[in-house]
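Asker: My request is simple: use the sequences and hints to build the entire structure.
So you can see what is in the structure, the chains are spelled out below.
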Amino acid sequence: MSKPDDKTTGISADTDSTEAEVSSAGGIAKGQGDEVGGFVILFFIIGFVASLIIGWVVFPKLLYSQKTQPIDFNHALHLEAVSDGCESCHIFRDDGTFAGVPGNAQCSDCHQEVQGDSPEEKKFVEEYVAKEREVPWLIYSKQPDCVFFSHAAHVKKAKMECVTCHGPIGESTSLKVYEENRLTGYSRDIWGKNIAGVKRETWDRMKMDDCAECHEKAAGKKSSVQTDKEACFVCHK
Amino acid sequence: MKIDRRCFLSLGIGGAAGIALSPLPWKLADDSAIWTQMWPWTPVPADGEVTYVKSACTLCPGGCGISVRKVGNRAVKIEGIEGHPVNDGGICPLGLSGLQLLYGPTRVKSPLKRTGERGEGKWEKISWEEAITEVSKKLGDLRGKGESDSVACISGSDKGTVPALFKRFMSVFGSPNFMRMPSIQDSYEIANNVSMGFIAQSGFDLEKADFVLSFGSGLIEGWGSPVRMIRANSSWRKAGVKVVQVEPRLSNTAAKSDKWIPVNPGTEYALALGLAHVIIRESLYRKDFVQAGALGFIRFRDLILSSYSPESVEKITGVKKETIESLAADFAKSERPIAICGRGQGKAQSSLGELLAVQALNALAGNIGREGGVFAVNDPAYIAWPAYQADETAAAGIKKERIDGAGSVKYGFAKSLTNRFAGAVNSGAPVSLLFVLESNPLYSLPDTKAVKDAFKKIPFIVSFSSFMDDTALNSDIILPNHVYLERYEDVPATAGLSKPVVSLARPVVSPQFNTKHAGDVIILIAKEMGSPVADAFPWDDYQACLEGTAGDKWKILNEEGFSSDPAFTAQVVNTFPGKFDISGGIPDFTILFASVSHEGDPKAYPLFLMPYDSFRIASGYIGDPPFVIKTVEDTVLKGKDILVEINPATAKANGLSAGSYATLKTPKGSARVKINLFEGIMPGLVAMPRGLGHTAYDNYLAGKGINVNELIGTVEDPASGLDAAWGIRANLIKA
Ligand code: SF4
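Chains A and B, in that order, are what the protein sequence lines are.
Taking my numbering, the leading residue of the first sequence gets 1, the next gets one more, and so forth.
Taking my numbering, the leading residue of the second sequence gets 1, the next gets one more, and so forth.
If you're looking for bench data, these hints aren't it; they were derived computationally from the structure.
Treat the hints with care, as some may be off.
[As the list claims (entries may be wrong)] Once the Cα atoms are required to be at most 27 Å apart in a straight line, the calculated BS3-like pairs of lysine-lysine come out as:
hint, chain 1, residue 1, chain 2, residue 2
1, A, K142, B, K70
2, B, K27, A, K176
3, A, K237, B, K77
4, B, K630, A, K217
5, B, K27, A, K67
6, A, K131, B, K27
7, B, K70, A, K156
8, B, K287, A, K207
9, B, K630, A, K237
10, A, K237, B, K70
11, A, K142, B, K499
12, B, K27, A, K61
13, B, K27, A, K199
14, B, K208, A, K193
15, B, K287, B, K208
16, A, K142, B, K208
Answerer: Here is the structure:
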């Protein structure tokens, strides 16, 4: 036999067997239609529920790592001892820039020596002040470098309260766990504790939309000198 | 009961629906956007208290005052100092990128001693003690053998205390061979010596001029003090000052000028003489200014009236005689006209003839030593150290003829002729040890092959470079200097300023590596050598020397960052009317005013290659840092290919088209280049930028393009010993 004939035979044989399979599968489907339909719905529900759980519960757990602050700082205690509120330690420098988290230079004014009997204070003095090391604080409100935010404009000029954005952190006696976004490296507080992004208080989130929300309320859509509109370059310089 | 494919399909659909209804996709999309800003190679400056340190930029001779912003201990930005007399808040791209030199990968991090072949890049780290002992011992041996004059030093500058310390070292050691890298100031110095009888630099009161005639000077391309020139240019625009640019190529300066006069390259001197001809013929000159030097003036007048009529000048220069007539009248009738020269950035010398022809125009206009004119500026006055005791070796050594011939009978007008260095060494002048300070001669001197051959003949080369540059790579020992942002140093701004300024470079950050101030190193070497060399260096260290030298100005330098007190900086010499003598005792004008004769057969090399300067390419000791090389246009450097500019007519004649490759051949070498067609260049010329083709430095710079110095040579000006070459014969062959 010649080769082309062989091929022809082969193809016809395959075709036969496929037809056979199809017809047999069709037979089963017809007989058990309703039962399979139930399974289809069940599987849909399983998939749906499982992925909802993944999306709402597992994903946030995986996304954020839990970190504790090097020193457990007591804001409430310090706030009582100072005269000028938050600005006593979170100072504005002479040139008007905001210093953010105070460094050892400021703390050691009082904490050159251990003052009380808090083990955290002892740790701070011995591990950091004495060794002239800065505390590697984890900053809940740290924003990406492309964001230009002037504390002076908001606090000094617009007379906003610290609480509006940072919440009542001054009343806390202990620093909460720092949840670090494994992808971006920023704190969970930026997106907000609520994974859906729902916020109740002004300080629950610190995303761009949250800035915009307040800006629109306060200034309408006209706060950029350049464009007379709420424009990108106000904050992204 | 059977689970089939549809079940799994539905599981998937259910899963997708569930995910879509969860925050996961939206949150991940948002996070990935932020993640892209967190790549480790994205530089994010540290957060913290901002401070500013006032200092001075030393990256070019411009002498700008800078203010460096720091966050904590990290320098993050360089800005110009507002109110500084040189740059008043301005800064150039190179100055702005200085931090990349400070923190970049090309730093030499500790003293290094060569272990492999020269240039192989094999080094051994040694301690400072070892390094200094080794160099001192070599020097001591040479001195002992009576060969002190075989020690030479090439420095980027000869102004300021650090070069002065090296110069002092050379003298007390017994060598006359302190050389500085060539520049147009060499030519100005000689021209001043010839025409006024003393060595001085030239300063230009350009801001007050009302007519600027530039013979090829890249006014906005880095000539003189670059930031100052950009500012001067803007002030001319505002005030309606007329700028005329004479140049064979439409440079940026030419494009921005009021009038561009394309001239046959190398014939600028003839055009200047043609203008002088018209000015004298029409009696438009300041007679009191030039006449008292009677004899010289009469000889000059007779020569140009007979030989440089606009008709004959048109034949030499290709500039129409009507243009010459009207330009001469415009120039002479202006209140404060000024003529300047020095091609491009003024990194190369020009012939004495060209200088004197251009200076003659200033003299005829009577604007030498006058507001809006040209001034003779002495070396900074504040370095006045007590004399030292020279022993016999020193006295005998410094009397010997310099390797570059400057000051000898033949080259009597010159102070430094480093352009002659390689040639002299190659024809047998002995150099046993070479110091290289703040310069990169192996890269920046023309005729790279000759310079390399000369370096091969020098048994011991000591580099003080902060960077692994082309010369450091080919040295035997590197004693790395701090970079300018880590050290104190006086920075006299000498590049064409009519009112000199001395600024103070101050450490902005502490030294990042195991480097040492070159001023300290030379003092330590001197001390190690013992008396009498050591006695000439009474200071404990460089800091003591600097503070002592600055005297009561130290406080002001520290507070203000600069001093422009003429008593401190440099005296401007009063040039009386009549003091200017064009002939300056040069007996034969014919060798003075002549076109350069180029080597090579015109048939084999029908074209001319000329280097040009760009504001975006640093071509001195400092090479382009990464930021700056990024600004170089695609029509100049594309990938690793260098593009040369030619006129479309030249391209057609040579069968070349835009973007095609060609072999550029000159008597000195050949290179593969790409073609960029440019209507703004005269047919027959090939223009190549200076500053590319480094073999050393980092991946951003090394291996990109061709070093034009490999293709060009020097042509000695018979009247002065200066390098008169403006280009070289060349050919372009389709590759
Ligand atoms: S012009 Fe020269 S001195 Fe001035 S900033 Fe630029 S490189 Fe520095």
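Asker: Now tell me, hint by hint, if it's right for this structure.
Answerer: Comparing the hints with the structure gives:
no. : hint                 : verdict
1   : K142(A) with K70(B)  : holds (21 Å)
2   : K27(B) with K176(A)  : holds (23 Å)
3   : K237(A) with K77(B)  : holds (16 Å)
4   : K630(B) with K217(A) : violated (44 Å)
5   : K27(B) with K67(A)   : holds (21 Å)
6   : K131(A) with K27(B)  : violated (41 Å)
7   : K70(B) with K156(A)  : holds (25 Å)
8   : K287(B) with K207(A) : violated (77 Å)
9   : K630(B) with K237(A) : holds (21 Å)
10  : K237(A) with K70(B)  : holds (19 Å)
11  : K142(A) with K499(B) : violated (50 Å)
12  : K27(B) with K61(A)   : holds (13 Å)
13  : K27(B) with K199(A)  : holds (15 Å)
14  : K208(B) with K193(A) : violated (66 Å)
15  : K287(B) with K208(B) : holds (23 Å)
16  : K142(A) with K208(B) : violated (53 Å)
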